[in-house]
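Peer 1: Produce the entire structure from the sequences given, and follow the hints as far as they go.
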Amino acid sequence: MSTLRRLREAPRHLLVCEKSNFGHDKSRHRQHVQTHYLNYRVSFLIPECGILSKELKNIVMEVGPYYLVKNLPLHELIVHDFINNFVKKGKLILSLDKDTYEEIGLQGHPSRYSGRKVMRYIVTLDLMDSSFNPESKKYKRAFWAFSEKKPLKFNFLLAWHHEGTEQSTVMSYFSKYQIQEHQPKIAFSTLRDLQCPLLQSGELEGKPEESCSAPELFDWLGAVFSNVELNNQSFSFVSTYCCPQPSVLVEKAYLCTITGFIVSEKISLLLEQLCHYFDDPKLTPWVTLSVQGFADSPVSWRENEHGFRKGGEHLYNFVIFSNQDYWLQMAVGANDDCPP
Amino acid sequence: MNEKSSRALNNKIFRGGGGMRNNRLARVGIEAEKELHFPECTRSRRGGGMEYGERLRRLRKCEKNECHLSCDAGMAVFADLNLKRGSDTKALKGLLENAAHLGFSTVAINHVVDFKEKKQEIDKPIVPSELFSSLPIVQGKSKPIKILSRLTLIVSDPSHCNVLRATSSRVKLYDIVAVFPKTEKLFHVACTSLDVDLVCISVTEKLPFYFRRPPINVAIERGIGFEITYSPAIKDSTMRRYTISNALSLMQICKGKNVIVSSGAERPLEIRGPYDVANLGLLFGLSESDAKAAVSTNCRATLLHGEDASLCVSYCTRKIKSKGKTNHDKEKENETTSNKKSENIML
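Line order of the protein sequences matches chains A and B. Heads up, the first sequence is in full-length UniProt numbering, so the first residue is 1 and it goes up one at a time. Heads up, the second sequence is in full-length UniProt numbering, so the first residue is 1 and it goes up one at a time.
Note that these hints are calculated values from the structure, not bench results. Nothing false has been slipped in among the hints.
Distance condition first, Cα-Cα at most 25 Å in a straight line; then the derived SDA-like pairs of lysine to any residue: (1) Lys255(B) <-> Pro11(A); (2) Lys26(A) <-> Ser201(A); (3) Lys57(A) <-> His161(A); (4) Lys117(A) <-> Leu250(B); (5) Lys310(A) <-> Tyr241(A); (6) Lys117(A) <-> Ala309(B); (7) Lys310(A) <-> Ser287(B); (8) Lys141(B) <-> Arg41(A).
With the C-beta cut set under 8 Å, the calculated list includes, among others, these residues of chain B facing chain A: (9) Tyr275; (10) Glu288; (11) Thr297.
Glycine is no exception: its CB is placed at the ideal position from the N, C-alpha and C atoms.
Peer 2: Written as structure tokens, this is what we have:
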């Protein structure tokens with residue numbers, strides 16, 4: 001019956017795989033990286049590598065700090081001082097549940113994934129809009145809503161990419177609230193005797209007996225990051241996952257993970273440096289760079305809505321080949337718009 | 001406001017049918033407060049409306065109970081509305097701590113009263129401060145767990161329902177009132193006319209009657225939820241079969257609406273985490289979003305339904321006392337009051 005059919009289905013998820021070349025004019029890799037704003041974890045895996053090159057290590061170590069501000073009232077984020085100093089262009093997007101939306105009284109629209117009873121609303125305030133100057137009605141209404149009507153205070157994680165010429169820094173601006181600086185957690189590890197799938201850059205779907213497909217690589221990469229045993233031993237109860245065939249046994253592979261609130265500009269730098277990894281001839285034909293977003297962020301790419309049903313995943317993964325070809329895989333879960 | 005328009009207002013409120021719950025509450029609030037002008041424009045949904053929030057907040061402060069619902073704009077709020085109160089207070093404490101650790105923001109301690117046994121007295125509900133000096137904090141949020149009280153009446157005879165209709169009884173002290181009907185006739189009565197928030201579905205035995213569509217549809221319209229408990233299924237495999245088959249027959253008729261899944265746990269090990277319960281809901285025939293709603297949204301609706309009912313009662317009694325009306329008017333209001341109790345506001 002319909003129940004049984006429903007039980008057989010997997011929860012809704014989308015995986016978009018595309019391939020291109022970094023040298024290609026129309027390659028949109030930069031846009032994809034830059035428009036994915038809320039990044040939680042960046043990992044890269046380099047097979048056949050024992051130590052990290054100096055340039056890569058520098059970039060990894062210089063991923064800037066992020067800040068935690070506790071009990072920051074929302075109206076501080078729309079004050080023009082803040083906008084002029086830190087937000088060059090941007091929007092404030094609030095994803096509110098029904099009660100808060102009704103109490104706050106601002107214009108918004110119901111979330112696309114609500115079903116019959118709408119429980120979630122999205123409010124977007126364009127901070128750069130010309131009608132949002134300090135004298136306008138819109139601004140006054142928003143300010144009143146945030147400060148008097150429904151004073152909302154949250155703990156905020158802030159990450160700031162600065163060119164170095166601004167007058168005030170984040171720490172000094174928010175000095176009257178408890179602001180703490182955090183450094184992202186960096187973990188390096190070398191994996192031994194890893195089974196790596198064979199890939200051909202031209203074949204996204206993989207050729208039987210010759211190379212693996214992109215979704216198979218995606219699953220395998222997830223297994224590696226979760227430290228799953230890939231042998232499918234008979235006594236292993238936890239997992240029966242095997243490395244997709246054809247595969248090759250790699251003596252060592254370097255895995256680096258950075259966890260924190262990472263700005264997309266740093267990820268661009270990392271991506272460029274990984275492209276330059278193949279400037280000298282290397283043993284491995286490919287390296288990967290994976291970026292995951294925060295599970296409860298309101299947007300995934302640009303302004304695409306992101307929802308949390310059972311696991312709020314939104315992530316992308318670059319597979320960079322020695323001939324500057326790349327595969328880009330973008331995945332989202334349920335209650336999400338399709339990635340660009 | 002003059003006599004005619006206030007009576008027209010009453011008629012509007014007491015008429016059944018659809019309409020936004022907030023709209024109705026807004027109008028109830030105006031009468032109760034007697035100071036806000038009744039604005040027609042609140043019917044539009046544009047921008048949420050300025051006045052809604054005010055009235056909502058005032059109305060939510062129920063005089064008798066202290067259930068303040070504060071939903072923060074964050075992740076889903078999970079609730080388990082059936083933690084059985086046994087004789088062992090220590091087990092109950094452990095159970096509440098476990099529930100907070102698993103991530104449930106709201107729980108309800110369930111007092112079960114079975115009328116089949118000798119004359120039962122309905123006890124007063126447990127006050128949370130008796131159990132804990134400081135409530136355990138919900139994992140993942142920084143707020144303490146909210147503990148409500150719930151009464152479940154197991155009815156197997158029409159005379160057992162009289163306690164719900166009595167005006168002065170301990171039933172009013174509870175936040176949520178549930179009924180567990182044992183016969184088809186009582187199920188019909190519970191869905192269509194009884195003033196309850198939840199109807200429990202039997203999970204430990206083969207269903208003594210078949211579900212029929214008309215009373216279930218009326219119950220859904222009135223905002224009554226159907227409850228399925230899963231802790232019998234954890235303990236015994238025969239119960240597991242009954243739970244799943246009874247749940248599936250319910251879902252076939254009600255299509256997954258207004259269903260809540262709760263534990264019915266007495267000991268700490270019998271409760272499961274909210275996402276696990278949502279996955280269990282898939283086995284009961286719910287879709288993925290319905291299953292998550294069964295542990296979050298629908299529970300919230302039930303709580304608000306429980307609050308509404310007590311608010312309506314207090315509003316009606318206050319109104320009758322405050323206005324000096326003629327006898328004829330008083331009779332008319334009494335009549336409409338009893339009608340009101342049978343048509344609860346839909347969320």
